[in-house]
Structure formats: C-alpha cells, structure tokens
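Asks: Line by line, the protein sequences give chains A and B.
The first sequence begins at 1 in this note's numbering and counts up by one.
The second sequence begins at 1 in this note's numbering and counts up by one.
Hint data in this document are derived by calculation from the structure and do not stem from the laboratory.
Treat each hint with caution, since some may be false.
Unchecked claim - Just the calculated beta-carbon pair ranges, DEER-fashion: (1) Glu189/A x Ala114/B: 27 to 35 Å; (2) Arg246/B x Glu154/A: 47 to 55 Å; (3) Pro366/A x Gly193/B: 29 to 37 Å.
Every residue, glycine too, gets a C-beta built ideally from N, C-alpha and C.
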Amino acid sequence: MRRALLDRTLLPYYLAWIPMTALVAVELSGAGRGAGFGVTVGLLFGLPLAAIGAGLRFMCRALPLRRHRLLNTLAAMLAASSLVAGLWTALFALTLRAARPWPAGPTGGLAGTLFLVALAAMVFSLLYHYLVEAAEQVARARRAEDEARVQAGEARLRALAAQVNPHFLYNGLNSVAALIGAEPAAAREMVTRLAEFFRGTTAAGRKEAVPLSDELALVRGYLAIEQVRFGDRLRVVERVDEALLATSWPPLLLQPLVENAVKYGVSGSAEPVTLELVAALEVNYAVLRLRNGFDPEGRPSPGTGTGLVATRERLERFFGPRATLTVEAAAVTAGVGTPAAETAGVGTPGAGTAGAGTFTVTLRVPREDLR
Amino acid sequence: MTASPNITALIVDDEPLARRYLAELVTAHADVRIVGECADGFAAVRAIGELKPDLVFLDIQMPKLDGFEVLELADRAALAVVFVTAFEQYALRAFDAHAVDYLLKPLSPERLAAALDKVRRNLGRGLPELDSLRRALRPEEPFLSRVVVRDGAAVTVIPCAEITCIRAEDDYVSICFGKKSALKHQTIASLEGQLDPARFVRVHRGAILNIEKLVRVELVARDHWEAVLSDGQTLRVSRAGHQRLRDLLG
Chain A
1 MRRALLDRTL LPYYLAWIPM TALVAVELSG AGRGAGFGVT VGLLFGLPLA AIGAGLRFMC
61 RALPLRRHRL LNTLAAMLAA SSLVAGLWTA LFALTLRAAR PWPAGPTGGL AGTLFLVALA
121 AMVFSLLYHY LVEAAEQVAR ARRAEDEARV QAGEARLRAL AAQVNPHFLY NGLNSVAALI
181 GAEPAAAREM VTRLAEFFRG TTAAGRKEAV PLSDELALVR GYLAIEQVRF GDRLRVVERV
241 DEALLATSWP PLLLQPLVEN AVKYGVSGSA EPVTLELVAA LEVNYAVLRL RNGFDPEGRP
301 SPGTGTGLVA TRERLERFFG PRATLTVEAA AVTAGVGTPA AETAGVGTPG AGTAGAGTFT
361 VTLRVPREDL R
Chain B
1 MTASPNITAL IVDDEPLARR YLAELVTAHA DVRIVGECAD GFAAVRAIGE LKPDLVFLDI
61 QMPKLDGFEV LELADRAALA VVFVTAFEQY ALRAFDAHAV DYLLKPLSPE RLAAALDKVR
121 RNLGRGLPEL DSLRRALRPE EPFLSRVVVR DGAAVTVIPC AEITCIRAED DYVSICFGKK
181 SALKHQTIAS LEGQLDPARF VRVHRGAILN IEKLVRVELV ARDHWEAVLS DGQTLRVSRA
241 GHQRLRDLLG
C-alpha cells in the first residue's frame, strides 16, 4: 500500500495537487473569510483528497477500460467518484462544524463548492490513472515483443547450428563406403556414430540449455567421425574439469566452433594438427577454450567471423553481459624472424614447409553467472 | 577384350581413407592403372611432372595448393582431369559446361565407370579453360587471393596483399613481392582479369601496380607520369593508366 501510494509514476499526480489546492484556498478565501481560513481549510480538505485519489488507482486496475463495457465502467467510476466526493465533503463539513471554525451564515453554498471540487479531483485522478495504465500497457507490450524477438533469434541460431553441414554428411558416408569392404566392423561403428551425432544435434536444437557433459559428448562424437576421415592428421587433446560437467550452457555452442577448427585447421594443413579442448575453473571464471593449429601459409579462411559473432551473442544472452568470447590467432611462418613482407611461402613440392599457427577461441563466464 | 592397362592415373586427395576407397573402386577397371597417390597440392604438382599420368583424380579443397592451383602449375599438355568433390548441385552445372568430369562423395562405382568412359573418349585432348570454372565454384571469392608460381620443382605462393607490382616480359609476367620477384608464364592481361580491380591497376600496357603499395605519382612531362612504389621502384604511367588511378583513388 505504502509502495502503491509513493509510486514513481504518481509524482506528476501529486505535483498537480499543488495548484489545485491553491485554487481551492483562493476560492475559500473569498467572501471575507480571510486568507488564513482559505489556506487552512484548503490544505485540510485537499491533501487527504490527494491520498484518496491516489488510492483510486486500485479501482482503475480492477476495472480496466474495455471497449465492450466502456459505458458500464464509466458509469461505475462516476458513481464511485460521486460517492467518495460526497462522503469526504460530508465528513469534512461535519468535523469542521464540530470544531466550530465553520463560518456562520449560509453554508450550503460552501458545502456544494467543496463537493464539486472533490468530484472534479476524483475525475482528474481517474483520468490520470487510466492514462498511466495505458502507457504502462504499451511499454509492457513492447517489452514482450522484444523478448519474443530475442527468443526467436536464439531459436533461429540454434536451428542454424543444428543444421548439419551437408559436406560433413557426404564425407562421413564416403568413409562408410570406404570401410565397408575391408573393415565392416569399423563401417558399422561409423554408421552408429553418424546416427548418434544427428540425433544429438536435432535433440539439442530443441532445448534451451544443456549440461556441458551433453555438449562434450556431441563434440566427441563429431571428432571421432572426423578422425576416421583424416586419420592421424587430426589429434585431439581434452582437459575437462569435472566440476563443470553439470553446468548449463546454450546447446550447440561448442559444436560449430569445433567444426570450424577442423575445417580451417585440419583440412587446410598437410601436417598433423592438434585440437585442444579445455573446460576449466579459473579463479573467478569458468573457461572453455578451443585451440587448433593451422598452416598460416594455407589459403586464407573466409568468413569465420559471422559464426563467432553468433556464438558471442548467444553466450551473452544466456549468461549476461559479463560472459566473453575472445579470439586469438598467432602465426609463425616458415621464415622465422623475417619481416612481414617476406611471409610468402616458398617450398619444394612435398617438402612440408608449413609454419605453425594457433587459433584460440576462449569463452569466459563469471562463476556467479553460471547456471 | 585384352584390357592391358593403358591409362595411368594419379589420385590426389588429402584424406587417406578417401584415396584408398577410390583406388579400390578403380581396380574394377582393368585398363586403368594407379601410378601414384598424393595428399597435398605440392606433392601433386611434383607427381604430375614426374609420373606424367594420363588422368588425375583431383580433390578441390586441399592443404598447400587447391585443385585449381595444382592444374595451373602442372604440365598439363595431355592431362585428363576428374574432380572429386562434395560441391553442391548448382556448381555441378559449371562442371558440365566445362567438359571436365566430376565424382561426388560418397563415390559410386557406376558414376566412376561413366566418368572413365568420358575420359577414354577424350583422352589426349588437354584441359579446358579453368578460370571461369574456378569462378563458378567459388562465387564467394571472385578474385585471386594469392598467385602461385612454379620454377622447376619449387613452388612459390604469393599472397596478393604482398605483391608490389607486376611487369610484362614477353610471354611471362614478373611479379614483385617484398624484395623478391618471380616469373610466371601468363600474359599480363589474363592475370589482370584474375586480380581484384579495386586493388590492382594497370598503369600502362606492360605494368600493374598494387594500389596499397603506391607512395606517390609524379608528373615527369606532359602526359607522362611516374608511380613511386613503397619499395622504391618506379613505374611509367600512361595517360589511360593515370585516369584509372584517379578513378580508383577518387
């Protein structure tokens, strides 16, 4: 109640009472009653009225204006206003008369004036409350719309991430076809892994959040499939703090990053590439880090940026603005120490002149923001 | 039919399992003999030069050099090419238009047989023009991001950002990058067409410069300018070249 009467939106309402009370005071000071009388009575009559008017907000909330019963509501409001104004005027007049400062002579006129003032004040209050209510409704609708848009965006990103790259499927099936003759058991295992991976991404795409253990299982399945394809060119090192396994993350957050690492790191390099996946608790943060080697003299990788932007967006939306995604690319080319202008690769075919590059993506979430 | 092997073939793919599978499928064709397998573009260029195969099964996306760059550098006089790829349907029309055959992963024995029939019919015809095929398959990369040059067995990969200028020398172009230069067997007009016109300007008939390496342009005489480049070299600038520079620099 206290909170309702001191609501921030009521400030203009109370301010409006200052000139209104002044008007009443001036009106009452007339007819030789004196300014002192006018101000005293104006304040005693007007200020409680302000509180009563503020209280009408509850009525407005209970009886919102709806087109189909507009007249009924207005009639009820008018009746209620009259009743409140009448009761307050009567109470005021009686109290005043008992306290004897009521002026002698014909007082019916004064009571009538007070009633009209009170009625006008009540109508003003009602109008004010309905206006505020309408503005709040608009703001609420806008918030809901924003929320819906954010949710739709997240759903779209998840659906996008769940869409398995068709080349991954084609290459996986090619591996199955290759294995089926000489190593049927391995072919069977590959089929199972492919099915598990597809089932996993589809299921994850429908969820709002998944435990880290689920996401890691999906990533491991993906890497196992790619390891069959690339042989010893893809090496995986994993270091996971068990304390993080149960924490919640946006689904399919790591998967696209791992896919990128394989696409640009392993596919583009003739030498074996190590992919390092770390999930650790550092002082105040939970850290997921994905690091892969790449050949800096290989074809420049196009368009990794948009995927990272989407991942950063999803991370912040899920954990709040303190969660960060950082990217770091370090390249040491074959000619170590030579100026940048000489990084052009010169090589004898087959001689393996790759420099070493590392690409690191780090996701950092404050511990207290973990879910 | 006496199917004595008369087509020698090279398999170029960076995935060992994929190479093994293709080799296995090829054994069904008695007239085709696999003479080598390569796992990256450098190895492919060398093997094509040394083994002189009639046919190469060529992956497009590979480490070091991609399939197109391999063909650009290879001695390709009488080389038949079958691309092995996972490209989407729209790109496949580009293959059809260029009379080069392709195999999709996962590979199918029937499709391989059809491709080999086409190879047998066209053997010895040489390669079609590859530039527009490259462009059709890489719509996101309409211009070269790097230039590959071969000198005997050595392959040089020059990122376009490092090129200072390119000069025509008879049938060759001399490409300056850093403090070095490399000769490439290509006409300057053809190379100009492959480079990003927002960065490379033909300043006269025999020279292209990288706008990012341009320091200043000096007027030497009436209608005769000289471009000074970041490495101190100067290039003559013709009237048309000067106009092109002004258009680009606004």
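Asks: Look at each hint and say if it fits the structure.
Replies: The hints, checked one at a time:
Against the hinted window of 27 to 35 Å, the Cβ-Cβ separation of glutamate 189/A and alanine 114/B comes to about 31 Å, which satisfies the hint. One distance hint, 47 to 55 Å for the beta-carbon pair arginine 246/B and glutamate 154/A, holds here, with the actual separation near 49 Å. A hinted range of 29 to 37 Å is violated for the C-beta pair proline 366/A and glycine 193/B, which are about 54 Å apart.
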